[in-house]
Amino acid sequence: MILGRVIGTVWSTKKDENLTGAKFLIVRELSLDYSEKSNFVIAVDSVGAGEGEVVLVATGSSARQTTFTKNKPIDAVIMGIVDRLDVPETKE
Amino acid sequence: MILGRVIGTVWSTKKDENLTGAKFLIVRELSLDYSEKSNFVIAVDSVGAGEGEVVLVATGSSARQTTFTKNKPIDAVIMGIVDRLDVPETKE
Amino acid sequence: MILGRVIGTVWSTKKDENLTGAKFLIVRELSLDYSEKSNFVIAVDSVGAGEGEVVLVATGSSARQTTFTKNKPIDAVIMGIVDRLDVPETKE
Amino acid sequence: MILGRVIGTVWSTKKDENLTGAKFLIVRELSLDYSEKSNFVIAVDSVGAGEGEVVLVATGSSARQTTFTKNKPIDAVIMGIVDRLDVPETKE
Amino acid sequence: MILGRVIGTVWSTKKDENLTGAKFLIVRELSLDYSEKSNFVIAVDSVGAGEGEVVLVATGSSARQTTFTKNKPIDAVIMGIVDRLDVPETKE
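Residue numbers (numbering that gives the first Met the number 0), protein chains in the order written: chain A, 0 to 91; chain B, 0 to 91; chain C, 0 to 91; chain D, 0 to 91; chain E, 0 to 91.
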């Protein structure tokens with residue numbers, strides 16, 4: 000999964016008939032220190048993510064394994080909202 | 000999904016038998032400020048996208064989840080035309 | 000799909016039992032002005048593409064959606080030969 | 000598969016209903032000399048991997064081919080713990 | 000498919016139950032002049048590839064289309080051993 004932050008919304012009226020009601024969010028990829036990377040992905044929300052929230056995004060066919068996204072032309076889904084990262088820096 | 004702009008068309012007469020009628024569009028990837036990136040993808044249109052329009056492209060097996068693209072050797076489909084991006088820059 | 004040019008052939012005698020008869024072509028990725036990029040992909044031919052021809056390549060599971068490639072360990076297929084690109088440069 | 004090292008954990012309370020009990024680990028990609036690369040992936044653990052361990056990660060639809068991950072919106076799974084790499088440097 | 004050379008082996012005792020007997024090989028990607036690239040992939044062998052051999056690797060769901068890899072959490076498989084590359088440099 001990709002670690003990212005929701006930074007905006009894409010509005011699309013004319014879209015595939017199966018996509019009615021889909022909420023397209025813009026997710027900027029994050030480093031482990033929460034700094035933003037340059038790349039982003041447009042993902043459909045399946046967990047009620049809001050702007051500014053840190054999220055997990057599943058891509059590819061796995062993006063279609065939620066109740067809403069099943070059998071739809073969607074290749075990225077927000078399937079989790081991140082509470083916290085635990086990254087103990089020293090492992091020696 | 001990828002954010003892109005339709006910048007042209009690919010003409011192909013000799014193609015897989017299942018692809019008769021497919022419209023191959025050239026989609027240049029876009030940044031969030033609509034500036035064009037260097038990479039592009041050839042995608043099949045499923046929503047009537049025209050040249051110059053900003054679109055969403057789904058890739059991989061998800062590209063085959065539209066009525067037209069089902070069971071076809073197509074790995075990228077335009078499944079939405081973008082009306083507007085909402086990207087509030089300041090989140091502090 | 001990827002835009003590329005067939006630049007050679009891979010010969011493989013010892014291969015998966017399902018791949019008998021498969022023709023593996025080397026496809027160099029192209030820019031829209033037909034200049035060659037550094038990356039390439041090995042793809043199975045399904046449309047009778049010959050050396051030097053400009054082609055479209057579908058990758059991933061979509062590469063298995065042709066009569067010949069179905070259910071085979073193939074992740075890239077040439078599914079169209081390109082006649083022409085139409086890329087009107089000025090859109091203002 | 001990707002070679003990586005488990006360097007941390009992602010905590011997520013609000014997630015897809017099918018993901019209850021999933022353990023999201025942060026896996027930093029490794030070079031063959033075990034030096035860490037800059038990129039990382041969030042993967043679900045299916046083999047009891049612990050922090051600091053070197054692991055193999057399968058991505059895409061293949062990540063859903065374990066008992067736990069089946070039919071879930073998961074695109075990366077730890078499916079093996081690495082004991083040792085054998086890389087004889089000289090092949091002449 | 001990816002062109003690569005087998006340069007080593009990954010040993011893994013603790014792995015997904017379906018992976019018993021899987022042979023994980025380290026495959027370094029190659030350029031068309033057989034020079035090694037920096038990236039590598041861990042792939043399961045399905046054709047009896049040995050160290051030093053030049054091979055083709057199929058990735059993604061296509062990696063599960065061999066008798067051994069079917070329904071297993073494997074995203075890369077060696078499905079061919081390369082005898083020879085034919086790359087006529089001049090096409091004018």
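Be careful, since some hints might not be right.
As the list claims (entries may be wrong) - Among the chain B residues that face chain C by a calculated CB cut under 10 Å, a handful are:
1) Ile-6
2) Thr-12
3) Ile-25
4) Glu-28
5) Leu-29
6) Ser-30
7) Phe-39
8) Ala-42
9) Ser-60
10) Pro-87
As the list claims (entries may be wrong) - Below, computed lysine to any residue pairings styled on SDA-like, alpha-carbon distance capped at 25 Å:
11) A/Lys-22 <-> D/Thr-12
12) D/Lys-36 <-> E/Asp-85
13) E/Lys-36 <-> D/Glu-28
14) D/Lys-36 <-> C/Ser-30
15) A/Lys-36 <-> B/Lys-22
16) C/Lys-36 <-> E/Trp-10
17) D/Lys-36 <-> D/Thr-12
18) C/Lys-69 <-> E/Trp-10
19) E/Lys-36 <-> C/Val-40
20) B/Lys-69 <-> B/Ile-80
21) C/Lys-22 <-> E/Trp-10
22) A/Lys-69 <-> A/Ser-30
23) A/Lys-36 <-> D/Trp-10
24) A/Lys-22 <-> B/Lys-13
25) D/Lys-13 <-> A/Lys-13
26) D/Lys-22 <-> A/Ser-30
27) C/Lys-22 <-> E/Thr-12
28) B/Lys-13 <-> C/Ser-30
29) B/Lys-36 <-> B/Lys-69
30) A/Lys-13 <-> B/Lys-13
31) B/Lys-69 <-> B/Glu-88
32) A/Lys-36 <-> B/Lys-13
Because the hints were derived from the structure by calculation, they are not lab data. Every residue, glycine too, gets a C-beta built ideally from N, C-alpha and C.
Verification of the supplied hints:
1. Hint on B/Ile-6 holds. Least Cβ distance to chain C is approximately 6 Å, under the 10 Å limit.
2. Look at B/Thr-12: its Cβ gets to within about 6 Å of chain C, closer than 10 Å, so that hint holds up.
3. Annotation: B/Ile-25 was flagged as interfacial toward chain C, and the flag holds, the nearest CB pair being 6 Å apart, inside 10 Å.
4. Given the 10 Å rule on beta carbons, the hint for B/Glu-28 is violated: about 13 Å separates it from the nearest Cβ of chain C.
5. At its closest, the beta carbon of B/Leu-29 sits 13 Å from a beta carbon of chain C; the interface hint therefore is violated under the 10 Å criterion.
6. Annotation: interface hint on B/Ser-30 violated; nearest CB of chain C at approximately 17 Å, more than 10 Å.
7. Proximity of B/Phe-39 to chain C holds as hinted, the smallest CB-CB distance being about 7 Å (cut-off 10 Å).
8. For B/Ala-42, the suggested interface contact is upheld, since its CB lies about 7 Å from the closest CB of chain C, less than 10 Å.
9. With 10 Å as the threshold, the beta carbon of B/Ser-60 comes within range of chain C, its nearest partner Cβ sitting at about 5 Å, so the hint holds.
10. About 28 Å separates the beta-carbon of B/Pro-87 from the nearest beta-carbon of chain C, more than 10 Å, and the hint is not met.
11. Between A/Lys-22 and D/Thr-12 the alpha-carbon distance is near 21 Å, which keeps this suggested pair within the 25 Å criterion.
12. A C-alpha spacing of about 34 Å is found between D/Lys-36 and E/Asp-85, which places the hinted pair above 25 Å, so the restraint is violated.
13. With a C-alpha separation of about 17 Å, the suggested pairing of E/Lys-36 with D/Glu-28 holds against the 25 Å cut-off.
14. With a C-alpha separation of about 29 Å, the suggested pairing of D/Lys-36 with C/Ser-30 is violated against the 25 Å cut-off.
15. Only pairs whose Cα atoms come within 25 Å are accepted, and A/Lys-36 paired with B/Lys-22 is rejected, the gap being roughly 34 Å.
16. A threshold of 25 Å between alpha carbons decides the hint, and for C/Lys-36 with E/Trp-10 the separation of about 36 Å lies outside it, so the pair is violated.
17. Of the pairs offered as hints, the one joining D/Lys-36 and D/Thr-12 is violated, with about 29 Å between alpha carbons and a cut-off of 25 Å exceeded.
18. The straight-line distance between the Cα atoms of C/Lys-69 and E/Trp-10 is roughly 32 Å, outside the 25 Å bound, and the hint therefore fails.
19. A distance of roughly 14 Å separates the Cα atoms of E/Lys-36 and C/Val-40; the hinted pair therefore holds under the 25 Å criterion.
20. Annotation: proposed proximity of B/Lys-69 to B/Ile-80 holds, straight-line Cα distance about 20 Å (limit 25 Å).
21. For the hint pairing C/Lys-22 with E/Trp-10, the CA-to-CA distance comes to about 33 Å; that exceeds 25 Å, so the pair is violated.
22. For the hint linking A/Lys-69 to A/Ser-30, the alpha-carbon distance of about 29 Å lies beyond 25 Å, and the restraint is violated.
23. Taking the CA atoms of A/Lys-36 and D/Trp-10, the gap is about 21 Å. The hint holds against a cut of 25 Å.
24. A hinted pair counts as satisfied when its Cα atoms are at most 25 Å apart, and A/Lys-22 with B/Lys-13 does not qualify at roughly 38 Å.
25. Annotation: proposed proximity of D/Lys-13 to A/Lys-13 is violated, straight-line Cα distance about 31 Å (limit 25 Å).
26. Simply put, D/Lys-22 and A/Ser-30 have alpha-carbon atoms about 20 Å apart, close enough for the 25 Å limit, and the pair holds.
27. Straight-line distance between C-alpha atoms of C/Lys-22 and E/Thr-12 comes to about 37 Å, which puts the hinted pair past the 25 Å bound.
28. Taken as a hint, the B/Lys-13 and C/Ser-30 pair is honoured in the structure, with Cα atoms around 21 Å apart against an allowance of 25 Å.
29. Note on B/Lys-36 and B/Lys-69: the hinted pairing is violated, with a Cα-Cα distance of about 29 Å set against a maximum of 25 Å.
30. Taking the CA atoms of A/Lys-13 and B/Lys-13, the gap is about 31 Å. The hint is violated against a cut of 25 Å.
31. For the proposed pair B/Lys-69 and B/Glu-88, the alpha carbon gap of about 38 Å is over 25 Å, so the pair is violated.
32. Pair hint A/Lys-36 plus B/Lys-13 does not hold up; C-alpha atoms about 41 Å apart against a cutoff of 25 Å.
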